[in-house]
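Based on the provided sequences and hints, a complete structural model is requested.
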Amino acid sequence: MTRRAIVRGVGHYLPERVVPNSEFETTLDTTDAWIQSRSGIERRHFAAEGQTTSDLAARAAEAALADSGIDVTAIDALIVATSTADLTFPSAATMVQSEIGMSNGFAFDVQAVCAGFVFALANANALIVSGQVERVLVIGAETFSRLMDWSDRGTCVLFGDGAGALVLEAAEGSGDTTDRGILSSDLHSDGRHRDILYVDGGVSTHTTGHLRMQGKEVFRHAVEKLASTADAALEKIGLNGADVDWIVPHQANLRIIKATAQRMGVPMERVVVTVQDHGNTSAASIPLALSVGKARGQLTEGDLVVVEAIGGGLAWGSVVLRW
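Just so you know, we're using the working numbering here: the sequence shown kicks off at 1 and counts up by one.
Note that these hints are calculated values from the structure, not bench results. Glycine included, C-beta positions come from ideal geometry on N, C-alpha and C. Don't take each hint at face value.
What follows is a set of in silico ranges between Cβ atoms, one per label pair, in the way DEER data are often shown [claimed, not checked]:
1. LEU87 - ARG263: 35 to 45 Å
2. GLN262 - ASP303: 47 to 57 Å
3. GLU217 - ILE237: 25 to 35 Å
4. GLU99 - ARG192: 30 to 40 Å
5. THR178 - SER103: 29 to 39 Å
6. LEU87 - THR178: 21 to 31 Å
7. ALA48 - ASP176: 28 to 38 Å
8. GLU217 - PRO20: 22 to 32 Å
Next up, the structure:
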């Protein structure tokens with residue numbers, strides 16, 4: 001028998017404020033049509049004044065726990081993937097731990113920007129497979145609206161705020177690809193490309209900074225690296241794109257999503273797309289899309305799912321799981 005990390009529950013939370021593309025037309029040289037043509041984004045959510053990343057994460061965590069039917073007292077570890085933690089320290093994860101009433105176990109953050117949830121999922125799987133824990137709550141949460149330069153039309157129209165969460169639980173499988181749960185992962189980073197997507201501030205520079213991006217370069221790297229990492233994760237378990245029921249990609253840009261699916265030979269009918277409603281929510285985008293995909297009836301038990309993401313670093317990776 002093989003120990004697997006099974007998805008038991010999923011949930012998400014979006015701030016109440018919805019910002020349509022038209023709202024940017026009054027302050028920027030842009031239009032709804034231009035934004036949609038470049039990104040596929042129609043609207044996004046922005047956190048309210050005083051609403052923090054840990055606030056969003058806690059709401060998503062509670063939704064995932066409710067969906068799983070597992071009580072918070074049974075959770076052994078909590079991981080938050082975020083680049084926009086409330087404070088320098090303590091971690092957002094410990095704040096969520098307190099907020100949801102989890103007094104046992106341990107909690108920590110993972111920072112790999114838009115790839116953060118994939119990295120967190122791989123780490124959670126390792127904790128379960130190694131026998132260190134039985135159940136892990138994995139959350140992606142961001143308030144990227146706090147990092148925007150509102151005069152930069154190339155970036156500020158692309159991002160939104162939100163949170164998504166999964167509950168993973170240990171279970172025994174047969175050791176082949178028919179098992180439910182996480183089947184493989186593939187992680188990468190390359191710091192040589194850090195200047196194409198970064199925030200120009202931080203603690204040691206005594207500034208908050210704004211997000212800066214070379215869009216064309218990010219697009220070029222994203223399509224090649226996302227398809228490659230997904231193929232690599234599938235190859236590790238002897239599968240390929242034809243075996244995939246659903247791709248749930250990082251929701252950064254509809255053109256990237258379409259190009260990646262085409263390279264993998266997977267039709268768009270088998271891709272969960274939420275970018276039009278949420279924009280790029282960085283580490284929150286994949287768990288948000290998983291939660292929405294389940295609510296839509298797209299993801300059903302037994303489906304083979306590939307999640308993949310790329311973010312600043314550059315950092316990128318993928319996870320293959322059976323729902």
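key: CB-CB spacing for THR178 and LEU87 relative to the 21 to 31 Å hint   = 44 Å, violated
query = Between THR178 and SER103, does the beta-carbon spacing fit 29 to 39 Å?
reply = Holds, at about 38 Å.
Distance restraint hint 30 to 40 Å, applied to the beta-carbon atoms of GLU99 and ARG192 = 38 Å, holds
request  = Mind checking the hinted window 35 to 45 Å against the Cβ distance between LEU87 and ARG263?
outcome  = 40 Å Cβ-Cβ, so the 35 to 45 Å window holds.
task = Could you tell me whether the CB distance from GLU217 to ILE237 stays inside 25 to 35 Å?
result = Given a distance of about 32 Å, which is inside 25 to 35 Å, the answer is holds.
query = Can the suggested window of 28 to 38 Å be confirmed for the beta-carbon pair ALA48 and ASP176?
reply = 47 Å, violated
request  = Starting from the hint 47 to 57 Å, judge whether the C-beta atoms of GLN262 and ASP303 obey it.
outcome  = For ASP303 against GLN262, whose Cβ atoms are near 21 Å apart, the range 47 to 57 Å is violated.
Satisfaction of the hinted span 22 to 32 Å by the C-beta atoms belonging to GLU217 and PRO20 = 28 Å, holds
Checked against the numbered hints above, the structure breaks hints 2, 6, 7 and satisfies the rest.
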